Amino acid sequence: MKRLFALLLALAMIFALAACSSSSSDAEETETEETTEAETETAEDGETVIQGLEDGVLTIAMECAYAPYNWTQYDDSNGAVPISGSDGEYANGYDVMIAKLICEYYGWELEVIRTDWDSLVPGVQSGIYDAVIAGQSMTEERSEQVDFAGPYYYASIVCVTLADSEYASATGLADLAGGTCTAQIATIWYDSMLPQIPDAQIQTAAETAPAMLMALETGTVDFICTDMPTAMGAVAAYDDMVILDFSDSDDNFEADEGEINIGVSVMKGNTTLKDAIDEVLSTMTVDDFNELMDEAIAIQPLTED
Numbered sequence: 484m485k486r487l488f489a490l491l492l493a494l495a496m497i498f499a500l501a502a503c504s505s506s507s508s509d510a511e512e513t514e515t516e517e518t519t520e521a522e523t524e525t526a527e528d529g530e531t532v533i534q535g536l537e538d539g540v541l542t543i544a545m546e547c548a549y550a551p552y553n554w555t556q557y558d559d560s561n562g563a564v565p566i567s568g569s570d571g572e573y574a575n576g577y578d579v580m581i582a583k584l585i586c587e588y589y590g591w592e593l594e595v596i597r598t599d600w601d602s603l604v605p606g607v608q609s610g611i612y613d614a615v616i617a618g619q620s621m622t623e624e625r626s627e628q629v630d631f632a633g634p635y636y637y638a639s640i641v642c643v644t645l646a647d648s649e650y651a652s653a654t655g656l657a658d659l660a661g662g663t664c665t666a667q668i669a670t671i672w673y674d675s676m677l678p679q680i681p682d683a684q685i686q687t688a689a690e691t692a693p694a695m696l697m698a699l700e701t702g703t704v705d706f707i708c709t710d711m712p713t714a715m716g717a718v719a720a721y722d723d724m725v726i727l728d729f730s731d732s733d734d735n736f737e738a739d740e741g742e743i744n745i746g747v748s749v750m751k752g753n754t755t756l757k758d759a760i761d762e763v764l765s766t767m768t769v770d771d772f773n774e775l776m777d778e779a780i781a782i783q784p785l786t787e788d
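First residue of the sequence shown: 484, per my numbering; consecutive thereafter.
Just so you know, these hints were derived from the structure itself, not from any lab.
Just so you know, these numbers come straight off a predicted model, no measurement behind them.
Positions of the beta carbon are idealized from the N, C-alpha and C atoms, including for glycine.
A couple of the hints might just be wrong.
Using C-beta positions, here's what the derived DEER-type ranges look like [said to hold, decoys possible]:
hint	residue 1	residue 2	range
1	Ile726	Gln608	45 to 53 angstroms
2	Asn735	Glu778	21 to 29 angstroms
3	Gly610	Ala719	20 to 28 angstroms
4	Glu627	Thr768	27 to 35 angstroms
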């Protein structure tokens with residue numbers, strides 16, 4: 484019996500050692516997998532890899548038709564950059580200037596893709612481009628779909644009308660009551676601002692900023708709602724337009740600053756790119772942004788095709 488007990492004890496010890504060896508091997512394998520996953524976020528030189536920038540190219544999207552934020556021109560004057568896949572056409576404007584500053588800071592190349600307004604968010608969500616720098620307001624709705632770096636411009640809401648319009652002397656929203664109006668589609672101007680005007684006759688949203696301005700210029704509407712940079716660009720291009728700014732009035736638009744400031748959108752969860760862009764923007768002041776916007780307005784085309 485003693486011999487049998489000793490044999491069984493020996494066998495138990497062997498199985499125990501085997502189990503420990505297997506557990507240790509599994510632990511080492513798990514540790515190796517975790518290390519490998521961690522290493523995918525770090526370059527060989529120890530620097531953090533920016534998601535989407537492994538090739539050293541920052542691919543951004545914009546309409547290229549939204550002066551002074553962005554527009555299309557037909558040469559590379561004033562620092563314009565080529566529009567990807569479009570021979571002989573170049574993008575310029577405030578958004579391009581900001582993108583170039585970001586790329587210069589990190590030594591990245593810049594690629595600009597032209598797309599329509601409604602495709603901006605879906606495109607960055609699907610990874611077609613790394614970021615959108617296109618005059619987008621940092622609205623709560625958009626923030627549920629993408630992450631925002633910035634702001635890279637602090638905006639305010641205004642209206643624009645024709646100089647000879649009955650609304651040109653308006654000093655508050657009440658003075659716009661009953662007027663026909665529009666704004667660009669899928670913007671806070673159209674969705675949240677125009678409904679604040681008493682009895683406003685809100686028309687179909689304009690597909691683009693130029694279409695919005697044309698609706699005003701042709702008399703289709705009495706006034707439009709937009710942000711200050713777009714309005715400043717409008718009056719620079721059309722000498723018969725005037726800005727209605729109610730910021731010093733008690734009868735002004737109500738909006739959360741976070742909803743109207745302009746940001747750079749990136750794919751949800753891409754914190755490495757968001758943080759990298761924020762690092763650059765944090766070196767700039769409100770005066771820097773305003774000075775750059777003034778430069779964009781000064782060089783924008785007088786009209787757009």
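Now for the hints, and whether the structure bears them out:
About 34 angstroms separates the C-beta atoms of Ile726 and Gln608, a value inconsistent with the hinted range of 45 to 53 angstroms. Asn735 and Glu778 have their C-beta atoms about 28 angstroms apart, which keeps the hinted 21 to 29 angstroms range intact. Restraint check, Gly610 to Ala719: a C-beta distance of roughly 36 angstroms breaks the suggested window 20 to 28 angstroms. Hint check: Glu627 to Thr768, Cβ distance near 30 angstroms, so the stated range 27 to 35 angstroms holds.
Checked against the numbered hints given earlier, this structure breaks hints 1 and 3; the rest are met.
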